[in-house]
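Position chain Z relative to chain L; hints supplied.
Protein chains: 2
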Amino acid sequence: MFQHRSTTTLLSLVVFLFLMAEPRRVGGAGSPSPRPAPEDAILFSRWLVNQSSYGVLATLDPLGLPFGNVMSFSDGGKGIPYFYLTTLLDPTGAYALRRPRASLTLSEYPLGFCTETNEPQWPVCAKITLSGRLRILAPNSREGVFAQDALFRDHPQLAGWPTQPERGFHFFKLVVDQIFLVNLMAPARYPNVKDYIRYNNL
Amino acid sequence: MFQHRSTTTLLSLVVFLFLMAEPRRVGGAGSPSPRPAPEDAILFSRWLVNQSSYGVLATLDPLGLPFGNVMSFSDGGKGIPYFYLTTLLDPTGAYALRRPRASLTLSEYPLGFCTETNEPQWPVCAKITLSGRLRILAPNSREGVFAQDALFRDHPQLAGWPTQPERGFHFFKLVVDQIFLVNLMAPARYPNVKDYIRYNNL
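Listed in order, the protein sequences are those of chains L and Z.
Everything in the first sequence is counted per my numbering, starting at 1 for the first residue and increasing by one.
Everything in the second sequence is counted per my numbering, starting at 1 for the first residue and increasing by one.
It is worth saying that the hints were derived from the structure and are not from the lab.
Quantities reported herein were computed from a predicted structural model and do not represent experimental measurements.
Accuracy of the hints is not assured; some may be wrong.
[To be verified] Per the computed footprint, the stretches of chain Z lying under chain L, defined by three or more beta-carbons under 8 Å from a beta-carbon of chain L, are:
(1) 107-116
(2) 130-137
[To be verified] Only some residues are given here: those of chain Z computed to face chain L with a beta carbon under 8 Å:
(3) 56
(4) 58
(5) 69
(6) 97
(7) 101
(8) 155
(9) 158
(10) 159
(11) 163
Virtual Cβ for every residue (Gly too), placed ideally from N, Cα, C.
Just chain L, same shape as in the assembly (with noise of 0.2 Å):
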């Protein structure tokens, strides 16, 4: 009986040793896939960005100045950026509408990956920022019901939030029309945009 028991227990806790290695995902959209080879930019630039579930969207200021604030997004499986901002009660949405130049940047850190060094300014820890322009989504076209399915479906959170017109929320696009992306020890790569869009097998 004894014996039974220890089994149990031991394979229980290689289970749970099984558990911890695996890298800790946090919200990233989608199912869990595999990091692809970092020389191939645009599937990488895909993957991170798919596998994000949050990052930094820095738009202007109304005096032209820089401000990063922390968002979810989800790309919905097209690369694209799609967003849940407030125009009311955060300063992002408000900004975007002025200003609609914007950068979107993640970093792989938060994914688990960047293991062999912890550190996440060494250049082999992926980094990536879109730049472009933010764009309101008209709520009951095609694209804004997209974004709205895609959004819901990777922050179930974000479907419960009141929609009282003053609270302003609406769904916004990031048209990217500049990929940087560092993820070898190189100097930083820029990934032709049409192709990143057009890359269709993730």
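Showing chain Z alone in chain L's frame:
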């Protein structure tokens, strides 16, 4: 004998369960310290900055557009973000020399405390943005040495990086003039910067 082994295994299991339940810190500076009451905006801001090891540093590109970039930092226990930036191999350092306005944005999410809803954009999952000016520190100045010691202690990997002039690495500080904090189901707060810097009990 089996009974003894079973007890030992069970004990190991309990230890591992405890380790798993502990929020996993991702490279934060200093030693882990308990989450302060969110109502105390000054203490909470100092805690979040001190416990974080990296963030997104947003500057203005040559066209005046916002560009966020993942950077490690250390506050050296003083609440002041210090960075080790290259002005030659990465855009942010070069941008900062031309236009020093910048913001540093951090999320509490990667610290492992946002477990209640697992949603980075939920207001109770804290976020902070420190805005100000990036200033380069003279290498042998008192503050330059302090920044170097703090950064190399919290980010040992940086200490091994090549220091040739053609790499262009310098120590920078963010001279903070505005703090934006969201950590409650309430509008953003703007803690007083002097009180933040003066706070000494961390």
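Here is how each hint holds up against the structure:
For a cut-off of 8 Å, the count of residues in the stretch 107-116 of chain Z with a CB near a CB of chain L stands at 3, and the three-residue condition holds. Requiring three or more residues with a Cβ within less than 8 Å of a Cβ of chain L, the coverage given for the stretch 130-137 of chain Z is violated, as only 1 such residues are present. Checking residue 56 (chain Z) against chain L: minimum C-beta separation of about 4 Å stays under 8 Å; hint holds. A least Cβ separation of about 4 Å between residue 58 (chain Z) and chain L falls short of the 8 Å threshold, and the interface hint therefore holds.
Taking 8 Å as the C-beta contact cut-off toward chain L, the hint placing residue 69 (chain Z) at the interface holds, the least distance being around 6 Å. Residue-level restraint check for residue 97 (chain Z) is violated (minimum Cβ-Cβ distance to chain L is 15 Å; threshold 8 Å). The beta carbon of residue 101 (chain Z) comes within 5 Å of a beta carbon in chain L, closer than 8 Å, and the hint placing it at the interface holds. Because the smallest distance between the Cβ of residue 155 (chain Z) and any Cβ of chain L comes to about 6 Å, under 8 Å, the interface hint for this residue holds.
Because the beta carbon of residue 158 (chain Z) sits about 7 Å from the nearest beta carbon in chain L, less than 8 Å, this interface hint is met. Among the interface hints, the one on residue 159 (chain Z) is violated; its C-beta lies about 11 Å from the nearest C-beta in chain L, farther than the 8 Å criterion. The interface hint given for residue 163 (chain Z) is violated, since its Cβ lies 15 Å from the closest Cβ of chain L, which is over the 8 Å cut-off.
Going through the hint list in order, the structure does not satisfy hints 2, 6, 10 and 11.
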